[in-house]
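Peer 1: Single-letter residue listing:
2 protein chains.
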Amino acid sequence: MIEFPELLIKRRSIRDYEGKAVPLEIIRKIINESCLAPSSGNGQPWKFIIINNRNIIKRLSDESKKNLLADLENNPDSEAKKYEETLRDPNFNVFYNAPCLVLIAGPRKLLSLYVDCALLACYFMFSALEKRLGTCWIGLGTNIKDPALLKEIGMPADCKIVAPIIVGYPKSTPVIPERIDPQILKIVT
Amino acid sequence: MIEFPELLIKRRSIRDYEGKAVPLEIIRKIINESCLAPSSGNGQPWKFIIINNRNIIKRLSDESKKNLLADLENNPDSEAKKYEETLRDPNFNVFYNAPCLVLIAGPRKLLSLYVDCALLACYFMFSALEKRLGTCWIGLGTNIKDPALLKEIGMPADCKIVAPIIVGYPKSTPVIPERIDPQILKIVT
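As given, the protein sequences belong to chains X and F, one line each in that order. For the first sequence, the positions run -12 to 176 when the numbering used here is used. For the second sequence, the positions run -12 to 176 when the numbering used here is used.
Wrong hints could be hidden among the right ones.
It does not matter which identical chain is meant; a pair holds if it fits inside one copy or across any two.
Okay, derived cross-link-like pairs now, SDA-like style, lysine to any residue, Cα gap no bigger than 25 Å in a straight line [stated by the list, open to error]:
(1) 118 - 173
(2) 96 - 60
(3) 147 - 99
(4) 173 - 127
(5) 173 - 130
(6) 147 - 168
(7) 69 - 98
(8) 68 - 130
(9) 158 - -4
(10) 118 - -1
(11) 45 - 171
(12) 173 - 22
(13) 96 - 63
(14) 96 - 172
(15) 53 - 83
(16) 147 - 172
(17) 45 - 127
(18) 96 - 126
(19) 147 - 80
(20) 69 - 32
(21) 68 - 96
(22) 173 - 139
(23) 132 - 171
(24) -3 - 118
No wet-lab data here; the hints were simulated from the structure.
All chains, full assembly: derive it from the sequences and hints.
Peer 2: Shown next, in the form of structure tokens:
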């Protein structure tokens, strides 16, 4: 059992995984626990796609890279600019060759979608850690536009991907990246 | 010490608080722990305002209610419509008379602001729970527009409030609101 605050300190973004597959029943358990997250008006808008196949994960990476690079051509001031060189490397997999990818998605039109899915993702990452699994939220992995590929993975047209979370057994765990001092703007007493 | 997954099950949205104040050093400790949350590109964009004064919290509630009701006049299809009757009740305090309110805010222009602050808020709520404090994310509490009031609480013009979190010692803890079965759209193996 992991005690708190050990949990807070041990949760790291993992980008280096063992080859070992993640059993589906463990992913299901993590999803069940994650659904205890709070949501706006208890709306629970989150939906899940589990991709436990490295070949399909690689195709999703290629599709996301292609679309990110196309967006960069149209908008050179994009926040993705700093990743351009990495994205142009044909060997770079945005999902870091993880054995499993869980897409957290929900209705495009819902105002609270990003916040609801981010809270769920936080629960997901803690629940995975408790099962000795590493995770990383891949912000570069949401740009899936190809209708055939979206259909293949079962994404409804009225939904969008908010949080692509890679999951696997960590080969190595990085040190805590530097944290700035908390910016407390004012204390009103 | 709280063990996981006890933590997931015990975290509830608390809307009923003891009168007892929350010591500032505990709030600071919760904020320090929360800053271990991951953020997009490790940007750590979150900023904090601690309001440990029920009178000012009441004024923020009145301001938020006023603006929500004005928005409803202009947009009768707003998602706030279902709260209209409650908002018109002069005795309703959107912050549930909690003794402490922490505003989690950040730069308006940042694309990842909502997701980054939601992850931080999740850490905040767990960290508070470990210290036997209750919390609730008050979605109705972000509508502070009065420039004098924003100045009084120290909110910079280029920042916006993402997560107003109330904090206090729970008088009662509600049961877990009903959860729907996890919506797993597809498992690709």
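Peer 1: State for each hint whether it applies.
Peer 2: The hints, checked one at a time:
{"no.": "1", "hint": "118 - 173", "in the structure": "between (39 Å within a copy, 23 Å between copies)"}
{"no.": "2", "hint": "96 - 60", "in the structure": "between (27 Å within a copy, 21 Å between copies)"}
{"no.": "3", "hint": "147 - 99", "in the structure": "both (13 Å within a copy, 16 Å between copies)"}
{"no.": "4", "hint": "173 - 127", "in the structure": "between (34 Å within a copy, 22 Å between copies)"}
{"no.": "5", "hint": "173 - 130", "in the structure": "between (38 Å within a copy, 19 Å between copies)"}
{"no.": "6", "hint": "147 - 168", "in the structure": "between (34 Å within a copy, 20 Å between copies)"}
{"no.": "7", "hint": "69 - 98", "in the structure": "between (29 Å within a copy, 15 Å between copies)"}
{"no.": "8", "hint": "68 - 130", "in the structure": "within (15 Å within a copy, 33 Å between copies)"}
{"no.": "9", "hint": "158 - -4", "in the structure": "within (18 Å within a copy, 30 Å between copies)"}
{"no.": "10", "hint": "118 - -1", "in the structure": "both (14 Å within a copy, 23 Å between copies)"}
{"no.": "11", "hint": "45 - 171", "in the structure": "between (42 Å within a copy, 21 Å between copies)"}
{"no.": "12", "hint": "173 - 22", "in the structure": "between (34 Å within a copy, 17 Å between copies)"}
{"no.": "13", "hint": "96 - 63", "in the structure": "between (28 Å within a copy, 17 Å between copies)"}
{"no.": "14", "hint": "96 - 172", "in the structure": "between (33 Å within a copy, 18 Å between copies)"}
{"no.": "15", "hint": "53 - 83", "in the structure": "within (16 Å within a copy, 48 Å between copies)"}
{"no.": "16", "hint": "147 - 172", "in the structure": "between (35 Å within a copy, 13 Å between copies)"}
{"no.": "17", "hint": "45 - 127", "in the structure": "within (13 Å within a copy, 41 Å between copies)"}
{"no.": "18", "hint": "96 - 126", "in the structure": "both (20 Å within a copy, 17 Å between copies)"}
{"no.": "19", "hint": "147 - 80", "in the structure": "within (21 Å within a copy, 35 Å between copies)"}
{"no.": "20", "hint": "69 - 32", "in the structure": "between (32 Å within a copy, 18 Å between copies)"}
{"no.": "21", "hint": "68 - 96", "in the structure": "between (28 Å within a copy, 17 Å between copies)"}
{"no.": "22", "hint": "173 - 139", "in the structure": "between (50 Å within a copy, 9 Å between copies)"}
{"no.": "23", "hint": "132 - 171", "in the structure": "between (40 Å within a copy, 20 Å between copies)"}
{"no.": "24", "hint": "-3 - 118", "in the structure": "both (12 Å within a copy, 19 Å between copies)"}
In summary, the structure agrees with every hint in the numbered list given earlier.
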